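Protein chains: 2
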Amino acid sequence: MPLLVVGSVAFDSVETPEHRRDSVLGGSAVYFSYAAGYFTPVRLVGVVGDDWPQEHTELLNQRSIDTSGLQVTKGKKTFRWRGKYLPNMNDRETLEVHLNVFGDFDPVLSEEHRRSKFLFLANGSPRVQLKVLDQAIGASLAVADTMDLWIREEHDELMQLFQRIDGLVLNDAEAKLLTDDENLVRAGHKICKMGPKFVVIKKGEHGAMFFSDYETYVLPAFPTERVVDPTGAGDSFAGGMMGYLAEKKSFDPVTLKKAMAYGIVTASYTVEDFSLDRLRTIERKDLDLRLDQYERMLSF
Amino acid sequence: MPLLVVGSVAFDSVETPEHRRDSVLGGSAVYFSYAAGYFTPVRLVGVVGDDWPQEHTELLNQRSIDTSGLQVTKGKKTFRWRGKYLPNMNDRETLEVHLNVFGDFDPVLSEEHRRSKFLFLANGSPRVQLKVLDQAIGASLAVADTMDLWIREEHDELMQLFQRIDGLVLNDAEAKLLTDDENLVRAGHKICKMGPKFVVIKKGEHGAMFFSDYETYVLPAFPTERVVDPTGAGDSFAGGMMGYLAEKKSFDPVTLKKAMAYGIVTASYTVEDFSLDRLRTIERKDLDLRLDQYERMLSF
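From first to last, the protein sequence lines stand for chains Z and F.
For the first sequence, this note's numbering gives the first residue as 1, with consecutive numbering after it.
For the second sequence, this note's numbering gives the first residue as 1, with consecutive numbering after it.
These are calculated hints, taken from the structure and not from any lab test.
There's no promise every hint is true.
All copies of an identical chain are treated as equivalent in the list; a pair is satisfied when it fits inside any one copy or across any two copies.
Taking lysine to aspartate or glutamate pairs in the DMTMM-like style, the calculated list, with each CA pair at most 25 angstroms apart, reads [as the list claims (entries may be wrong)]:
(1) Lys176 - Glu225
(2) Lys77 - Asp286
(3) Lys258 - Glu295
(4) Lys84 - Asp172
For clarity, every value in this text was computed on a predicted model and none was experimentally measured.
Sequences and hints are given; from them, build the entire structure.
Next up, the structure:
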């Protein structure tokens, strides 16, 4: 079942203690859609400048991603981010952000896109996320991501958004900031009370937690020695999760849990190289194989 | 099957953001033996001063812990530790350490204790741990804990110890310090190469990882809202783990994994109150019940 994602498309420059890459393909909607593409047809809505190379679009199309919603703005530049990872490869510092064309992003969905049953609102201001929700009249499952900037600067709009979405995905630091609570279990429940029917807290190398009125659980990350670049891990996680839900056309508790596991496994591949470089080398069967290993790891 | 533990017995003074307790029962061997006592008879070897109240001994005896190896040194004081937890309840600062009688601890095992099949060398210098190993001629499984102090100050003795033990339990910060590697998966494998047949890295609120030449896995912590005092969580984890192994008279991979799970569940109770206050209120059936919940949590 088609899955619509609206979010950032970017050029990332990444420094890690051992490597450095400049201007590689990135952005929340890119990582999300590439990861989700293993499971279901994906429709990507985003904006780029005229510095965007056609080969990036082709790469996305090869993974059955519909890029008809990728708007190219002439005379402007694509969103650029530069960051540096600390030796623990979990914490990072943002060195430069140039919103460029993403700063004026005002997505208008096509008639077909408006009817998508599964919707993911990736990184973007709650103001823009609300505008997309207004248009996405066919969405039976709407899940959003958010970040520290919006928690601090568009708090009211974020609270409005929470009243209207089914699920929220955010990371541990953001959950603590949003609730002013250092205990993630309490934080998760507090966020559920703000509106979303379920909340997923991503913990990077420590996995992810799920919260609803009926369930609380935590799943660890898939252990890997090869952490080359964690950029996009959270968005790949969300992509794997939402992709599996759309494939199954369901979001009942059992499917949601397996979707979380697929999200974790998908993200475990993303971190093994820069940009989409590792994901490009794998097929769906590799995800299934690692999911089997993961399931065995958690059985006792 | 009897399980022998040699380690510290202490009075702890603990400050958390919300509470404070002075001079409560603590120490690695105390938490370990109380946790292990749910599974198997435990023999505790340690030392206290004449400020040690008889009621503490009685509390341990009630959980079928043999305290014949708990030496009381007249005219001296029991080991005291004072610490303060940061708001995240994971990191802590040591405010005061008075080794007192523990500074001269030179354990001499009784004939019966020397024949124990299962041995845990809790917090103590590798020098003392090696001396205990020399005496524990009957041990078919010897597992040790260690800490930053010994990694820094008795590195050579620690390396000797690693050649002679079957398993090592340490926390994430210690594993990184010992290997100079921030990736815990790589760190775990590096420590295996230093000698122990298996290594367990404790990650506090994020669970624990297991490493051997044949297996690598991670299990999350049991999620709890009620984290009152994390002191002793690591020792309770080790106690639950080793207690289960001694109960099953086995340490094959399948039993080890279930033992890890029991360790995690036991520690999840410890943190729910100060000292042994929460553990005192539960029975073995409570551990089994939470283990069932934990197992279901990890199934998808």
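Subject >> Structure versus earlier hints, numbers of those that do not hold, lowest first >> reply: 2
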